[in-house]
Amino acid sequence: MRQYLLSRLFFLIVIIACISGCSEDTKMAEHSSLKIGVLRIDDSLPLYVAEKDQLFQKYGVDVELIEFGSASDQSKAMEAGELDGMMTDMIVQNLIKKGGIDVKTIALALGATEKEGRFLVVSSPHSSIVEPKQLEGKSVMIAENTMMDYLMEQYERHLNLESSQIKKIHLPNLSLRVDTVLAGKEAQAAILPEPLASYAVAQGANIVIDDTTLGVNFSQSVIAVTQKSITENRTEIEKFLNAYNEAIKQVNHQPEKYFELALEVANVPEILKEHYAVPVYTPNRVPAQETIERISDWLVSRGLLDKAFQYEELVETSLEEQ
0 MRQYLLSRLF
10 FLIVIIACIS
20 GCSEDTKMAE
30 HSSLKIGVLR
40 IDDSLPLYVA
50 EKDQLFQKYG
60 VDVELIEFGS
70 ASDQSKAMEA
80 GELDGMMTDM
90 IVQNLIKKGG
100 IDVKTIALAL
110 GATEKEGRFL
120 VVSSPHSSIV
130 EPKQLEGKSV
140 MIAENTMMDY
150 LMEQYERHLN
160 LESSQIKKIH
170 LPNLSLRVDT
180 VLAGKEAQAA
190 ILPEPLASYA
200 VAQGANIVID
210 DTTLGVNFSQ
220 SVIAVTQKSI
230 TENRTEIEKF
240 LNAYNEAIKQ
250 VNHQPEKYFE
260 LALEVANVPE
270 ILKEHYAVPV
280 YTPNRVPAQE
290 TIERISDWLV
300 SRGLLDKAFQ
310 YEELVETSLE
320 EQ
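Numbering (numbering that gives the first Met the number 0), first residue to last: 0 to 321.
Honestly, the hints are just simulated from the structure, not real lab data. On a predicted model such as this, the values are computed, not experimentally measured, just so you know. Treat the hints with caution; some may be incorrect.
Quick list of in silico lysine to any residue cross-link-like pairs, SDA-like style, CA-CA up to 20 Å [claimed, not checked]: (1) LYS57 x THR234; (2) LYS166 x GLU130; (3) LYS97 x LYS227; (4) LYS75 x GLY99; (5) LYS167 x SER138.
Restraint-style ranges between C-beta atoms, simulated for each label pair [what the hints assert, rightly or not]: (6) LEU175 x VAL129: 19 to 27 Å; (7) ILE168 x GLN202: 16 to 24 Å; (8) ASN144 x ASP178: 17 to 25 Å.
C-beta atoms are modelled at their ideal positions from N, C-alpha and C, and glycine is treated no differently.
All chains should be built: construct the whole structure from the sequences, respecting the hints.
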């Protein structure tokens, strides 16, 4: 009888241990799952590399990359609480934060130096506009209240152009903007990101402003995550960053290995493939305070923010670099 009772006790202990272990495993699994919104552009490449090379698994974090066809759709998903983080820019981050979702930048994607994340202002192949000063009195296609709107204003200030003499035309659809500037009818110039900028140039457009030659770093994209994720899943966020930074180092070390993936991620047009170069990224970097303040001041000047957020409200600087 005593032996029977001891056997039953042992059996119960094993069952309890299993249940406890399973519960803990479930809890860990829940905490380690991160949903990150991405756009199919150059900036997202290291995230795709981390997924492809199983670096997220290597560091023990479950990451799901969720693709969006537009920044607007991505922002809506973030605002709806469907994402833990996103690859975005700081204009979008500020506006989402203003809307009540507390998001913080944890890493730069592209833009640690002025050579990263090129934007061009181009003019129609049929236009005589080849110098920045010639934009005065002309129209430039942008997307209002976006990073490209902000960039255009920074270029004007930096190059001492008369902003009041440059008419801005709101055309958010990038493909249509390219087609329109190449036709040179409704507008003679447009600001474009890569690889569409290089595509326009390959089709005969003139480079009027190349922001990698200005000597000042204006454009950045970032990885931003919710404060809730940082607070509740800090370890997983750190693992995510470890994987992300290793992916960056791998891309920089062997760009040729990731060439085909980069073409796919950035939707590089066929005409550009033989001229395309995999971007160089900078690991372990967050935006500088000067950059944040410049963007915040612009948002306030446009009436998009009532008051600028403090640097510490927008950038998480306490995450460990492994």
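For this session: Can you let me know if the beta-carbon spacing of ILE168 and GLN202 is within 16 to 24 Å?
Result: At roughly 20 Å between Cβ atoms, GLN202 and ILE168 fall inside 16 to 24 Å, so the hint holds.
For this session: Note whether the CB distance of ASN144 and ASP178 lies within 17 to 25 Å or breaks it.
Result: Check passed, 23 Å falls within 17 to 25 Å.
Exercise. When you check the alpha-carbon spacing of LYS166 and GLU130, does it fall within 20 Å?
Worked result: With a Cα-Cα distance of about 16 Å, the restraint between LYS166 and GLU130 holds, given a limit of 20 Å.
Exercise. Holds or violated: LYS75 with GLY99, Cα cutoff 20 Å?
Worked result: 12 Å, holds
For this session: Starting from LYS97, check that the Cα of LYS227 is at most 20 Å away, please.
Result: At roughly 16 Å apart (the allowed maximum being 20 Å), LYS227 and LYS97 satisfy the hint.
Exercise. Straight-line Cα separation of LYS167 and SER138 no greater than 20 Å?
Worked result: 6 Å, holds
Exercise. Do the alpha carbons of LYS57 and THR234 lie within 20 Å of each other, as the hint requires?
Worked result: Measuring from Cα to Cα gives roughly 14 Å; hence the hint holds.
Problem set entry | Assessment of proposed distance window 19 to 27 Å (beta carbons of LEU175, VAL129) | Hint holds: Cβ distance 24 Å, inside 19 to 27 Å.
When each numbered hint is compared with the structure, no violation occurs for any of them.
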